[in-house]
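**Q** Protein chains in written order, with this note's numbering: chain Z, -13 to 50; chain R, 813 to 1279.
The set of hints was computed from the structure by calculation and includes no laboratory data. Ideal placement from N, C-alpha and C gives every residue a C-beta, glycine not left out. Wrong hints could be hidden among the right ones.
Stated by the list, open to error - Taking CB as the label site, the calculated pair distances span: (1) Z/24 - R/1217: 28 to 34 Å; (2) R/1071 - Z/24: 32 to 38 Å; (3) R/1278 - Z/1: 38 to 44 Å; (4) Z/41 - R/1185: 53 to 59 Å.
Each chain is listed here by its residues.
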Amino acid sequence: MIQEEFDNPEEFHREDTENVLPLGWLILFIGLIVFGIYYIYAYTPAFSGWSQEKQLEEVMKDVK
Amino acid sequence: MNEYQYDYKTVRGFVVSAIFWGVIGLVAGLLISAQMWDARLNFGEYLSFGRLRTFHTNVLAYGLGIGAEFGLFYYIVIRLTKRPLVLPKLARFHLWLFNVGIALAGISLLAGMNQSLEYAEFEWPIDIAIVILWVIFAINILGTIFTRKEKHMYVSLWYVIATVITVAILYIVNNLAIPATLFKSYHLFAGVNSANVEWWYGHNAVGFLFTTPILAMFYYFLPKSTGLPIFSHRLSIISFWSLIFAYLWTGAHHLVYTPLPDWIQTLGIAFTLFLIAPSWGSVVNGYFTVDKDWSRMRTHYLTKFFIIGITFYGLQTIQGPSQGIRVISSLIHYTDWVPGHVHMGTMGWVTMVICASIYYMLPAMYKTQIYSEKIANTHFWLVLIGQLMMSISMWITGIQQGAMWKMTAEDGSLQYTFMESLLRNYPYWQMRTLAGVIFVVGMLFFIYNVYMTMKKGKENLAKLQAA
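Whole structure, please, built from the sequences with the hints as guidance.
**A** Below, the structure is given as structure tokens:
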């Protein structure tokens, strides 16, 4: 008869670094949230007045 | 030790089925890549580019991709819950229905039945079959997880659950349609709404068919095959929840500079850029895991599959969000850059990790060793070279196309005609076919290795049972 071997939880968990969040990654994580809030403010017509139609008008002015 | 035996027959059935559909989808891919530069290779309406392109995408996504995911999920779930599937017979029926379904779905596309929604081309009778198929899968997977014997929920299980639930929601909502005849229906949503729902679905299909399931495999098979435990459990869980939270908002980045309201586009872009963080959470976790012993990249053949795979995931998740930014989207959208991006993901990340998982899983099920590490290494290098050639040639020609389309002459008229930009594609399209051939040869090495390992494994099991 073949014996089945189970997965041992220790194969997946490294105790010394189990709860580590690398600092560089954390800065990226928080930075992108902050940038996202700014970006939504800057490119939403109701907040900043920006719109793709206005942007097109600007570009067309330069062409002429 | 335990009193029962895992039933791996269904798992193996899915692996073999996935490989079968993979071969068909890859051959179709080679043919359409050649049709791009030689129109004589269109053989009648059934094998014309328009039909074969959707056939290629769907057979590889649903046949190879999902087929392998079904098998590997059944394996991962029973291992991590430490119990058999709740309904093993239903899983066998699932396998049978899956193969009949893909065959019918593929034929329907070649016959020209098409909803004209990207990644959701199947007409409504096939959609209903797919929903039934998915419910069967969900009952078995979720039922097994709910009645698990191991209390701890490893991160792979979270990714499995997210895949099962989200795909169901996405698929049902986007495929809501009003049938006109047996083979023709109309999308329930119209105009901009239809486009918005379609890309909410389309982008998340990529997310929940090509990202979350592959991460479930990555987190399970990387530690299992290398013997190195995952660097940080917390990082893996935070990455999971933030990925799931952000993904569903991002579809609008496919509709930049369209009639879709500006605020929806902006919201989509902001969430898309944020996705870099959770994606790179998994990338960093993978790197730090192997950081404990980088020599395994040389000494252990599967380590490089997983690390190169997660590296392409990392590149993909930088490139993808960049493409969402308005100024970049306006240059590369609608060009060959986009298939270049998709192929880096599917060939460099998805297929790489699926193949590596199968390489680990098969010998583990048969309690034997892989047939040949040398063949696996040849497979690795060929698919890597093929994929890089394909992605890079498409990026170059995509930028060239975008630049030519936008270039204006002194008087403000367009500098180039569409045909002029098209002709410049030809050398790159030929290069892509060559890249495809190299990739497919690599996959043939994989298939041979799988076949020989299974043959060897069967003999081994028979010997063990007799003993």
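**Q** So, for every hint listed, does it hold in this structure?
**A** Structure-based check of all given hints:
In this structure, residue 24 of chain Z and residue 1217 of chain R meet the distance hint of 28 to 34 Å, their C-beta atoms being roughly 31 Å apart. Against the hinted window of 32 to 38 Å, the Cβ-Cβ separation of residue 1071 of chain R and residue 24 of chain Z comes to about 26 Å, which falls outside the hint. At roughly 42 Å, the beta-carbon separation of residue 1278 of chain R and residue 1 of chain Z lies within the given 38 to 44 Å, and the hint holds. Between residue 41 of chain Z and residue 1185 of chain R, the C-beta spacing of about 56 Å keeps the proposed range 53 to 59 Å intact.
Figure legend: structure checked against the earlier numbered hints; the only hint not met is number 2.
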